[in-house]
Structures are given as C-alpha cells and as structure tokens.
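Given the coordinates of chain W, work out where chain H with the ligands should sit on it, guided by the hints.
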Amino acid sequence: MAFLEFARGLKVTLSTMLKPPTTIQQPEERRVLPERFRGKHALHRYENNLERCIGCFLCAGACPAECIYIEAAENDPNNPVSAGERYARIYEIDELRCIFCGFCEEACPTGAITLEPVFEMSDYERGGMIFDKAILLDPPRPQAVAAET
Amino acid sequence: MAEDRVHVTIDGAQTEVPKGTILWEAAKDIGVDIPIFCYHSKLGPVGVCRMCMVQVEGMPKLTTACTTTVTDGMVVHTRSPEVEKAQRGVLEFLLINHPLDCPICDRGGECPLQDQTFQYGPGISRFVERKRHFVKPVRLGPTIDLDRERCILCWRCVRFTSEVAEDNKLILVDRGSESFIGTFEAEPYVSNFSGNVIELCPVGALTSHKQRFTFRPWELQQHPSICPHCPMGCNINIDVRDAQEVIRFRSRTNEAVDDGWLCDRGRFGYDFIGSPDRLKTPLIREDGTLRPASFSAAYRLIAERLQRVAAEAGPHSIAGIASPRLSNEDLFVFRRFLRDSVGSESIDYWPRPEYSIDSGDSAALQTLDSALTSIDRIDSAALIVLIAADPSEKEPVMELRIRSALNKRSAQLVDIGIHDVPLSGKASAVLRFAPDQIDGVLRGLFLAAAREAGSEEFAGARELLDGDGPVVLLYDDSFPDIPQERRRDALLSLAYMVDNLRERRQVGVIPLLTTSNEMAARDFGVMAPNDSGSVWGEPLVDRLLSGDYRAALFWGANPVGTVAGLTEAVEALDFVAVSELRLSETAGLADVVLPASCFAEKVGTVTNTCRRVQVFSEAVPAPGMARPDWQMLVELSQRWDNPLSYASPEAILADISGSVPGYAGRLPTSYRRVGPLGVAVKGGGVEAAE
Ligand code: SF4
Ligand code: SF4
Ligand code: SF4
Ligand code: SF4
Ligand code: FES
Numbered sequence: 463m464a465f466l467e468f469a470r471g472l473k474v475t476l477s478t479m480l481k482p483p484t485t486i487q488q489p490e491e492r493r494v495l496p497e498r499f500r501g502k503h504a505l506h507r508y509e510n511n512l513e514r515c516i517g518c519f520l521c522a523g524a525c526p527a528e529c530i531y532i533e534a535a536e537n538d539p540n541n542p543v544s545a546g547e548r549y550a551r552i553y554e555i556d557e558l559r560c561i562f563c564g565f566c567e568e569a570c571p572t573g574a575i576t577l578e579p580v581f582e583m584s585d586y587e588r589g590g591m592i593f594d595k596a597i598l599l600d601p602p603r604p605q606a607v608a609a610e611t
Numbered sequence: 109m110a111e112d113r114v115h116v117t118i119d120g121a122q123t124e125v126p127k128g129t130i131l132w133e134a135a136k137d138i139g140v141d142i143p144i145f146c147y148h149s150k151l152g153p154v155g156v157c158r159m160c161m162v163q164v165e166g167m168p169k170l171t172t173a174c175t176t177t178v179t180d181g182m183v184v185h186t187r188s189p190e191v192e193k194a195q196r197g198v199l200e201f202l203l204i205n206h207p208l209d210c211p212i213c214d215r216g217g218e219c220p221l222q223d224q225t226f227q228y229g230p231g232i233s234r235f236v237e238r239k240r241h242f243v244k245p246v247r248l249g250p251t252i253d254l255d256r257e258r259c260i261l262c263w264r265c266v267r268f269t270s271e272v273a274e275d276n277k278l279i280l281v282d283r284g285s286e287s288f289i290g291t292f293e294a295e296p297y298v299s300n301f302s303g304n305v306i307e308l309c310p311v312g313a314l315t316s317h318k319q320r321f322t323f324r325p326w327e328l329q330q331h332p333s334i335c336p337h338c339p340m341g342c343n344i345n346i347d348v349r350d351a352q353e354v355i356r357f358r359s360r361t362n363e364a365v366d367d368g369w370l371c372d373r374g375r376f377g378y379d380f381i382g383s384p385d386r387l388k389t390p391l392i393r394e395d396g397t398l399r400p401a402s403f404s405a406a407y408r409l410i411a412e413r414l415q416r417v418a419a420e421a422g423p424h425s426i427a428g429i430a431s432p433r434l435s436n437e438d439l440f441v442f443r444r445f446l447r448d449s450v451g452s453e454s455i456d457y458w459p460r461p462e463y464s465i466d467s468g469d470s471a472a473l474q475t476l477d478s479a480l481t482s483i484d485r486i487d488s489a490a491l492i493v494l495i496a497a498d499p500s501e502k503e504p505v506m507e508l509r510i511r512s513a514l515n516k517r518s519a520q521l522v523d524i525g526i527h528d529v530p531l532s533g534k535a536s537a538v539l540r541f542a543p544d545q546i547d548g549v550l551r552g553l554f555l556a557a558a559r560e561a562g563s564e565e566f567a568g569a570r571e572l573l574d575g576d577g578p579v580v581l582l583y584d585d586s587f588p589d590i591p592q593e594r595r596r597d598a599l600l601s602l603a604y605m606v607d608n609l610r611e612r613r614q615v616g617v618i619p620l621l622t623t624s625n626e627m628a629a630r631d632f633g634v635m636a637p638n639d640s641g642s643v644w645g646e647p648l649v650d651r652l653l654s655g656d657y658r659a660a661l662f663w664g665a666n667p668v669g670t671v672a673g674l675t676e677a678v679e680a681l682d683f684v685a686v687s688e689l690r691l692s693e694t695a696g697l698a699d700v701v702l703p704a705s706c707f708a709e710k711v712g713t714v715t716n717t718c719r720r721v722q723v724f725s726e727a728v729p730a731p732g733m734a735r736p737d738w739q740m741l742v743e744l745s746q747r748w749d750n751p752l753s754y755a756s757p758e759a760i761l762a763d764i765s766g767s768v769p770g771y772a773g774r775l776p777t778s779y780r781r782v783g784p785l786g787v788a789v790k791g792g793g794v795e796a797a798e
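Residue numbers (the numbering used here), protein chains in the order written: chain W, 463 to 611; chain H, 109 to 798.
Hints were generated in silico from the structure; no laboratory data involved. None of these values were measured; they are calculated from a predicted model. Ideal placement from N, C-alpha and C gives every residue a C-beta, glycine not left out. Mixed in with the good hints, there may be bad ones.
Said to hold, decoys possible - Covered stretches of chain H, going by a simulated chain W footprint (3 or more residues, C-beta under 8 Å):
1) 201–215
2) 602–615
Stated by the list, open to error - Computed spacing ranges between beta-carbons, pair by pair:
3) H:Q330 with W:V580: 48 to 56 Å
4) W:V580 with H:A405: 52 to 60 Å
5) W:F499 with H:L208: 27 to 35 Å
6) H:W326 with W:P602: 30 to 38 Å
7) W:N511 with H:E758: 57 to 65 Å
8) W:N511 with H:E286: 54 to 62 Å
9) H:G770 with W:K595: 55 to 63 Å
10) W:K595 with H:A759: 48 to 56 Å
11) H:E218 with W:K595: 24 to 32 Å
12) W:P602 with H:S404: 55 to 63 Å
13) H:E501 with W:K595: 46 to 54 Å
14) H:W326 with W:F499: 25 to 33 Å
15) W:V580 with H:E286: 49 to 57 Å
16) W:D600 with H:S404: 50 to 58 Å
The shape of chain W in the complex, shown without the other chains (with noise of 0.2 Å):
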C-alpha cells in the first residue's frame, strides 16, 4: 500500500522533470504582464498640469486595507495646484498594506489615481513603502496646454 503512494508521488516528480522550467530570470528575463495587472499607484494631471486629485478622500474611504492617508487643504486661487477649491496636501498610501483591489481606483471620481503595470517596489526599510505625493505623482508635462476656462 505504502509503495503504492510512494509510485504515484515520484511519477509526478518525473513527468515534471521533464518540462521546462516557468522560473523566469528576473530582472534580466521580463514577464509580459496582463494588460489590466493593478501594481503600484499613479496620481495623474490634467493637460494644464493642474493634478487631478481634489483630496476627497473617496479613495481613502473606498479602501479596504485603510492604506491611504490624506490631508487635504484650499488651493490658492492664484496659483492652483488641482482643479477646483481643494486639493491633496499630503497624499500617502502604504504599499505594504495595500491588497491591491483596485477600489481606489474606482471610488475616485477625477481619474486621478489608477493602479499601474509596475510591481517592483521594494526597500530595506519600511517607512520607504509608505509612497508620498512626491514618488506616485507624474511629472508635469513639458509642454502645458492652457487651462481651459
């Protein structure tokens, strides 16, 4: 009996020898990605620049992990930083909790945050993970096209 299950165990040791193996050689190797893969966050901007995120907290309450922090404050009319009254002082979401579900994305009502085919994120330290405005923010374009009024 025992021999019996000991056969079956190493048939599939054997068959599988025999395959090629799936490890890919990161990084050298790239895996292509599947195109709707939710990885790190991305704030995105308008065409003027003006970032998109108006600091609502949807996303922040949509979250199931409880990942994002924000603090929100009042644009200066002169020298706007979002479009609209308010935007996000602080935006920090915490990539070690997130579970990467996607409901940001989809609470959000600007298209401001998406999650984006990038999954190497790592650090030595885990205060690194906590990923500010500065790193998930695009930069601006080069070339601004002017505010629509």
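Here is chain H with the ligands on its own, set in the frame of chain W:
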C-alpha cells in the same frame, strides 16, 4: 376621545395626536419618514422647498406635510405614485443649479440633499442649460463659509437668525430665481450662535470655516460628551478623526438643557485639547528650573514636603485650591484627599465669588437653594426676571431658551440690573440703578413703604411681579458689577425677594455661575468653610495673600494670572504643587507640576447650573503620561496613613451617590444608568415637580 385630540391615518397606520400637530410630526411619531428640507421642528414652518408632498384623501392636489395641521379623520398617503412623482420632480428642480461638487463638499456624506436624492430622486437630470454660478466660497464672517451655488434656498438659516437668535443677520437677497443668501449690506456675520446654521443647513452651503477641508464625515467617530465652557452643560458629540484628533463639537439635543443649540464659544472651543503645549510628563523643580520627572519621584516629593509642613505647622497650613472645571469625580477625590489623607480643611475653588457669607446668613442660601429649578422651567414661566445677570455672557444658550419662552409662550421679561444686556430689548420692564443700590432696590420692590413712595421706574417691574403664574429668576451670584463690599447684601436681598415672591406665586431660581462645574464644587464642599463649617467662607486666595499658609496645592486652578499680588504670596510658600493641562502662570511657580488629562480624555460627570448631573465619555487619548486628576490623587494618597482606594471613576460616582447630601439616593451608581441625557439631583427640577 378627548376634545383636544384627533385621529389620523398615515399609510394605513392609525394614530392619535394633540390637535394642532403638524402632519410631518404626527408621521414621524409613528415612524413614517417624510423627506424634508425647509422644515425644522425648532423653526416655524414656511413650506418653500416642496419636498414633503403627501396625498391627503379628499384634497384635490398634493399638499405639504410641514405646513398642514392634522384634522380628525384625516387619511394620508406618503408613498403613492403621485407623491413619488412629485418627489422626483422636486429633487430634479432642486438640483438644476446645484454644482454637485459632493467630492469636495464638507457636507458630503452627511448631506440630506445627497441622501434624499439617492432615496427619492430621479437618478438623472434633463437640465442641459447653463447652471448659475457664484464666487465660492464667500467668507460670511469669522466662523462661516457660504457656497451660494449649493444653497437650495430653504430659509432655515434666515429663520434661525430671525426667530431663534433674533439678530436678523442672514437675509435673502433679491427675488425669485435670482435670490441668494447674504448679510445686510454684506456686513460680516458675527453672532454668538453662528455655528448653529452649519448644522441647520440641509446642504453644504453653510460650512465651518475653521473645519474646512479637515475631515470627511464617514471617518469620524462620535463620543457623547458635555460642553466644558460654561455651567449650562449643553450636550455635545465630540467627533474624532483616527481616534486621535478632535475635529469638531456638534450639538446633541437635550430638550431639558440646550434645546438643540450650542453657542460658538462651546462649538469651536476644542483647540486646547490637542494643543502642542499640553503637559506630557510630571515636572520637578531642580536648581530653579522645572525638569521632566517620573510620577513616583513627583509623588514622593509632594508627600515628603507636605508631611514636613504638616509636622511643623499643622495640616491646616496646607491649602488646596481646585478648579471648578474639574469633573465631579476629581473634585470629590480632591476634597477627600485633602480632608482624609492630608487632614486639612483649608480648601476652596477658584475662580469663585469674591465675598463670604457667615453662619447667620445661611437661611438666605437655603432659600435660594430650595428654589433652584431646572432650565426647562423657563419654557413654562409666566415671568422671567434677570437680576444683575447677563445670560448671553455667562451661559449663552440660556439666552436662546429665554427668547424662545418669550416668543412662543407669551412669557414676560423684567430686567433688573446695572446696564443693558442683549436681552434687555425683549424686556417688558427695565429697572436700572447705581451699582451700590442693589439691595435697596431688590427690597424696595416689596417693602410697603417703599412701594408707595417708590418712583415711577419701580411701577412697571412691580406690576409684573404682582401678577400670577410661575416666575423664574436668573441671577449671577458673583455680582461682577456690584462693589465687593455690597455683594453679600445683594445676595441676602435676593433671598429676601425670593421669600416674598414665594408667598404669592411659584418661584424658581437659576444661578448663572462662572465655570462649568461650579455647582458641584459647592455641593461637595470644595469651597472655603465659614464660621459654622458650611461653605461660602472667605476666599482662600485672599488668605493666601495675607500669608496664612505654608504650602499649597493648585488643582487645575490658575489664580496667579488674575489676582494681583498673588505671585509674591505663592513664591513665599514653602511648597507648591500644581496639576494642570499646560504650564499656566501658577504652574510656572510650582515645585512640582503634574500633567492632567482634560474632559475629552477621561470618563466622568459634571453638575450643571441647575444640578443636572451629566456624563462625558473618553474621546481621545491623553497626551504623553497625562492622567485623570482623581487617579493622580488616589495614587498620591497611598503615601499617607489614610490612603484612598478608588479603582475606577465609577467607584467614585457610587461614593458620591451614597454620601453627598442631595445627590444621595437620586444619582445612580453607574454611568450607564445616569444615561445619555443625565439626571436631575436635588433642586434640579425635582423639588419643583413634587
Ligand atoms: S488598491 Fe485597494 S488596498 Fe490598495 S490602496 Fe487602493 S483601495 Fe486600498
Ligand atoms: S485620488 Fe481620487 S478619490 Fe482619492 S482623494 Fe484624490 S480625487 Fe479623491
Ligand atoms: S444656506 Fe443652507 S440653510 Fe440657508 S437657505 Fe441655503 S440651503 Fe437653506
Ligand atoms: S452655553 Fe455654555 S455649555 Fe452651552 S455651548 Fe455655550 S459654552 Fe457650552
Ligand atoms: S419641508 Fe415642507 S415644504 Fe419644505
């Protein structure tokens, strides 16, 4: 069926209500929810928003539930297809000009317009034209921001300022679809009660300037509490973000106390809680400077030094001065610590009335105490009398209660005082006199000889006092405008007045005290005793000035900043220990400073101006090592031969309810049984009701 009751059927359910009840209220009583925007139970109906449409059988058209009074046999449908169509239509109309900027609106998440659009609205809009635009936000005044685009013109704010606060500050400018909310001639909206319109506004048009963009309602935890800023004891909810930061105080309606309103001093007075200058550790003076230390080192030093002073000069040379903003539990333990552990009777609170009463006058105090009534008695009074009192300054929400009694129930007001106060304009009779004449005036109103010879000015007040119906007298027993040497006489003549009035009509008195828990400080004997051993002796602070003491404990009290010459007197003491929230002037002179937690960081009770005992709960953690005062006193007392042994604030409550006269037998022994709205102990409405 009684004459004054009518039957009505709402959605198939029968109910019986008093005649004259508004249909919306009748429906609410039996749990039928009719959506509203402009109606509010505390404001008169106007019927401008049309959201509350219902179908009444026998009426050709739909009608508004907020302006219809029920009649006998009325049959009402609130969910018929016609009603639902009307509700969808009204919401579609209300939204045509609405900016729908919910994501950045401070009301979003607790907005009746949002909620009711989800529940009753059409889901789509057919409006494709251009919406009307305004500059936004407009700073209406120091406290309020107005977003005119969001306003649905329900008039609640306008009615609040014209009917409740009666300052007529907010108005509707222009007509029809052009109209908008503003102030007269665009003056700033400055009022003691401006914050109430934030809660009244059914949309995010009126929002708090101070709290703008600091929170979203769904992330706040609510903790029922009591406003700490005056002895009225208005009920509040403390809204906290991340279990850390106090974001706002909101009203928590208690009909017996605040009637649902808060004043701005209370509503916006929370900065001290999370302030960065709060003390986080005990401090001990070393080489002239205060340095952080451990609790055990601080307790050891306090015990050592006080015991040395007691051995040298007797325990009575140790003075204890508490702040009347401490909780009942703190004050009670302070008193027990001083008397039972330290063995000193030198106890007082500060700030307190700056005069004393000797044993011969205790009958007067008893008169006033036995006539103490509850705040809601103002509503049923026929006559309200102010005696050298300004409710608007001392207990602001009292002003609104008085205004409501005067407007709704045809009560009359007599204002007897030195100068005009905001309520004077509502008075039917005004009696003004020079500051040192108060006792002559109060007695003169009743003395036969003076009545005949009295001047014209007396006539009006006298006529009203001679009428019938219940009277409520409000007085300020610190008598700030009366010269110090006349204050005792003022109190005695006040009692004389109450005694005289009582012979003819029902009389209730309400003292307007200064600090939130002053009533308890007096009730628990945390006030200097007079020659007969009861409270109201000479203020201890005065005796500190004359050098009668060797050591002092200041528990939350900070007289050094306000009393001239006290700095030198405190510096001359052998030892000074202070418990404080921050490094006050008094704490700056201390040898040991203990860090106390404030009312939002602990559980406890306070007694309001009419002896209603109410519970506050823990909302945020105390900064650093700060602890409740009762706990520090219990820990400290372990170093004496007679230590105190309370394990929890509830154990202290049980002791209070078992031993303090007037509280005994009336105050429940657990916070749960005191309940969210508090209980009245002796005098707080109980006597009057019996
Ligand atoms: S992906 Fe999910 S878990 Fe991660 S931040 Fe967004 S909502 Fe939170
Ligand atoms: S990312 Fe989107 S949902 Fe989150 S705060 Fe910014 S605007 Fe709101
Ligand atoms: S500001 Fe608010 S309360 Fe005042 S009318 Fe407009 S919607 Fe009503
Ligand atoms: S009246 Fe007194 S208790 Fe009420 S809100 Fe104002 S300060 Fe607070
Ligand atoms: S609530 Fe009845 S018309 Fe506004």
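Evaluated hints:
Interface restraint, the segment 201–215 of chain H with chain W: holds (3 residues with C-beta to C-beta distance below 8 Å; minimum three). Chain W is given as covering the segment 602–615 of chain H, and this is violated because 0 residues of the stretch bring a CB closer than 8 Å to a CB of that chain, at least three being needed. Taking 48 to 56 Å as the suggested C-beta distance range, the pair H:Q330 and W:V580 does not conform, at roughly 40 Å. Hint check: W:V580 to H:A405, Cβ distance near 54 Å, so the stated range 52 to 60 Å holds.
In this structure the supplied range 27 to 35 Å holds for W:F499 paired with H:L208, their Cβ-Cβ distance being about 33 Å. Separation of H:W326 from W:P602 is about 32 Å and conforms to the stated range, judged on CB atoms against 30 to 38 Å. W:N511 and H:E758 have their C-beta atoms about 59 Å apart, which keeps the hinted 57 to 65 Å range intact. Take W:N511 and H:E286: their Cβ atoms lie about 37 Å apart, and the range 54 to 62 Å is violated.
Here the CB-CB span from H:G770 to W:K595 is close to 60 Å, well matched to the stated 55 to 63 Å. Taken as a hint, the range 48 to 56 Å holds for the pair W:K595 and H:A759, whose Cβ atoms sit roughly 51 Å apart. In this structure, H:E218 and W:K595 meet the distance hint of 24 to 32 Å, their C-beta atoms being roughly 28 Å apart. Between W:P602 and H:S404 the beta carbon distance is about 58 Å. The supplied range of 55 to 63 Å therefore holds.
For H:E501 paired with W:K595, a C-beta distance near 47 Å keeps the hint of 46 to 54 Å intact. Restraint check, H:W326 to W:F499: a C-beta distance of roughly 30 Å satisfies the suggested window 25 to 33 Å. Separation of W:V580 from H:E286 is about 53 Å and conforms to the stated range, judged on CB atoms against 49 to 57 Å. At roughly 56 Å, the beta-carbon separation of W:D600 and H:S404 lies within the given 50 to 58 Å, and the hint holds.
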